[in-house]
Amino acid sequence: MEIRPILSAMLRNKTGAILIALQIAFTLAVVTNAFFIIYQRWEKINRPSGMDMHNIVTSRVQWVGQDVDYKAEILRDLEALKAIPGVTHVTTSNAIPLSGGGSSRGVSAERTEDTEWTATGSFLLTQDGLDSLGLNLVSGRNFTLNDVVWFDPEVDELAQNVIITQALAEHIYPDENAVGKTLYMNDSELTVIGIVERMHGSWVSWSGLERNMLVPMVFPGSSISYIIRTQPGLTEEVRSQVKQTLLDINNRRVIRRIRVLEDVATSSYGSDSDMMVILSSVVCLLLLITVVGIVGLAAFSVNQRTRQIGTRRALGARRYQILRYFLVENWLITSIGLTLGVLLASAFNYYLVVHFELERLDWFYIPMGMAILWLLGLFAVYGPARRASMVSPAIATRTV
Amino acid sequence: MLAMNNISKVFRTDLVETHALRDFNLQVNEGEFVSVTGPSGSGKTTFLNIAGLLDDFSHGQYVLDGEDVSGLNDNERSRIRNEKIGFIFQSFNLIPDLNIRDNVEVPLRYRGLSANDRRQRIEKALSIVGLASRAKHLPAQLSGGQQQRVAIARALAGEPRLLLADEPTGNLDSMMARQIMELLESIHSNGTTIIMVTHDAELSRRATRNVHIMDGQVSEINLHEQMQANVAQA
Ligand SMILES: Nc1ncnc2c1ncn2[C@@H]1O[C@H](COP(=O)(O)OP(=O)(O)OP(=O)(O)O)[C@@H](O)[C@H]1O
Ligand SMILES: [Mg+2]
Chain E
115 MEIRPILSAM LRNKTGAILI ALQIAFTLAV VTNAFFIIYQ RWEKINRPSG
165 MDMHNIVTSR VQWVGQDVDY KAEILRDLEA LKAIPGVTHV TTSNAIPLSG
215 GGSSRGVSAE RTEDTEWTAT GSFLLTQDGL DSLGLNLVSG RNFTLNDVVW
265 FDPEVDELAQ NVIITQALAE HIYPDENAVG KTLYMNDSEL TVIGIVERMH
315 GSWVSWSGLE RNMLVPMVFP GSSISYIIRT QPGLTEEVRS QVKQTLLDIN
365 NRRVIRRIRV LEDVATSSYG SDSDMMVILS SVVCLLLLIT VVGIVGLAAF
415 SVNQRTRQIG TRRALGARRY QILRYFLVEN WLITSIGLTL GVLLASAFNY
465 YLVVHFELER LDWFYIPMGM AILWLLGLFA VYGPARRASM VSPAIATRTV
Chain G
245 MLAMNNISKV FRTDLVETHA LRDFNLQVNE GEFVSVTGPS GSGKTTFLNI
295 AGLLDDFSHG QYVLDGEDVS GLNDNERSRI RNEKIGFIFQ SFNLIPDLNI
345 RDNVEVPLRY RGLSANDRRQ RIEKALSIVG LASRAKHLPA QLSGGQQQRV
395 AIARALAGEP RLLLADEPTG NLDSMMARQI MELLESIHSN GTTIIMVTHD
445 AELSRRATRN VHIMDGQVSE INLHEQMQAN VAQA
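Top to bottom, those sequences are chains E and G.
115 is the number of the first residue of the first sequence in the numbering used here; add one for each residue after it.
245 is the number of the first residue of the second sequence in the numbering used here; add one for each residue after it.
Treat each hint with caution, since some may be false.
[Claimed, not checked] Only some residues are given here: those of chain E computed to face chain G with a beta carbon under 8 Å:
1) P119
2) T425
3) R426
4) G430
5) A431
6) R433
7) Q435
8) R438
9) P507
10) A510
[Unchecked claim] Residues of chain G placed beyond 12 Å of chain E at every Cβ, according to the derived structure:
11) T289
12) S314
13) R323
14) N326
15) S335
16) L386
17) Q390
18) A395
19) L416
20) S418
21) E426
No wet-lab data here; the hints were simulated from the structure.
Glycine included, every Cβ here is placed at the ideal spot set by N, Cα and C.
Using the sequences provided together with the hints, build the complete structure.
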């Protein structure tokens with residue numbers, strides 16, 4: 115091949131080549147890290163929540179009147195909601211998972227002077243809680259009606275039995291079966307009666323998202339959430355009836371945020387999907403600018419060298435040899451840029467790791483980015499290179 | 245060496261049709277040194293382009309070195325240019341980014357010669373034109389006459405059977421022009437066929453034969469020199 119003379123000719127016309135190589139290096143650095151972040155966000159949004167996202171309708175109810183017998187009213191609501199065609203289970207809850215609102219408690223396997231309390235999402239549900247959320251019980255038992263405590267300030271009794279997520283179980287009782295163990299929370303001692311495979315809590319960006327505790331309790335008060343599980347495909351029909359059903363029982367209250375759980379999650383992941391859109395746009399724009407830069411430099415150098423190309427043709431170059439000359443020249447520039455880009459990409463990632471708590475870039479993003487830029491470079495240079503190969507050898511004798 | 249029969253070349257643009265060559269007939273024998281003269285725009289360069297397979301033609305037949313080249317495709321024409329023909333241009337046409345050595349190497353690479361073979365040919369060609377010591381220089385570091393000698397070395401390195409030159413001394417002063425002419429004469433004396441377009445009457449007279457082109461046709465052949473050529477060949 116003719117790499118040496120191409121390289122030495124290139125080194126005599128450095129400026130354009132250096133600028134494009136730097137641009138390619140910069141593009142590689144940004145694109146690999148952006149791809150990495152995009153993929154991480156995608157993974158975050160699409161990780162399994164453990165819940166039946168598409169077939170759950172949630173709502174929050176707020177009473178405005180006074181002298182309400184909350185317990186009686188809630189019991190009536192649960193009856194009425196369950197009677198809506200397509201509804202399979204209903205539970206009350208203190209909070210809606212993935213909504214950004216909820217409560218967390220510190221729990222531990224022991225209680226000593228220096229106990230480290232593990233922050234844990236806490237959901238207060240009825241005996242239908244697991245079925246209403248579509249959770250998968252992997253060991254122990256589900257709640258029964260007898261487990262459920264309706265809180266009464268005069269009695270001041272709290273629920274005794276709890277079900278926890280596998281993530282919480284592994285955190286608190288590593289290498290042990292958590293079922294039957296005592297779970298300490300402030301002054302109270304709870305008993306773990308079951309473990310669910312997975313459940314996402316309230317805050318999607320919290321590292322403790324998977325650590326949750328389900329408590330069979332209802333706090334009758336001026337506001338409460340309902341979680342309504344439906345048969346697949348009937349979610350929208352159920353959703354449209356929730357408001358009227360509840361108002362028919364008592365219209366002196368506000369029914370808010372009747373949403374499918376999937377939509378609750380979508381809006382909570384809004385900043386993540388916004389980030390994906392922004393970064394994807396940046397990636398596309400950068401790649402476009404790089405392609406335009408390569409096309410521009412190649413077209414310029416072909417125009418500049420028309421006479422030289424004609425001379426080469428006169429001296430016996432075949433068309434494909436001219437085409438190849440420009441492809442190889444561009445490939446060299448791209449490769450120099452990419453070599454620099456690998457360093458730049460690693461440095462950029464290091465910066466992001468240090469300052470933005472990003473994870474280390476998976477190594478394969480770099481060869482993937484390089485492959486994309488190599489292909490894009492060939493694609494970009496092909497047009498100008500083909501035009502060069504069509505230059506007539508008769509150009510050589512034309513007097514200027 | 246070459247025979248053109250009724251060659252026509254028409255340049256068409258949106259507005260005009262230029263008949264650069266019409267019913268052009270010429271035969272050049274092996275070993276001749278032909279000078280081509282004629283007024284500006286008469287078709288000299290057009291003739292040379294067709295002779296050197298740099299351009300195609302509209303009608304007629306062209307036989308080069310015993311081969312009818314009328315129907316050859318681009319790759320075959322490139323190969324013939326590379327192997328049989330050497331070109332010398334008025335403005336030298338060296339590649340400015342390559343040093344002298346690499347310039348001479350260009351056609352040899354297209355021929356696919358080994359590095360060793362290329363090196364020997366380059367050294368030989370550069371020493372013939374007396375520029376072996378300048379191998380690492382860039383074209384811009386040489387005088388016009390030296391640059392043209394590099395171009396001649398580039399043409400010679402391929403050991404062509406036919407050397408085509410379009411006003412090789414057109415950009416040079418008379419001293420340098422004479423050096424180039426002496427170089428061409430010595431190449432000719434080694435058996436290479438040369439066709440040279442020139443405006444310089446004195447140089448033209450030093451060729452073995454003169455072809456005059458007018459309006460795209462061979463108009464007259466200088467009988468005196470033609471006779472001399474015949475005598476020399478006999
Ligand atoms: N590529 C082209 N397109 C259109 N017309 C052309 C082209 N090349 C040459 N011609 C025309 O063909 C005619 C012959 O041109 P050519 O270059 O062969 O003349 P020439 O004898 O070499 O002239 P000069 O002595 O000025 O170099 C001219 O009228 C010229 O304008
Ligand atoms: Mg001319």
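Self-check item: Numbers of unmet hints, in rising order
Solution: 8, 11, 13, 14, 15, 18
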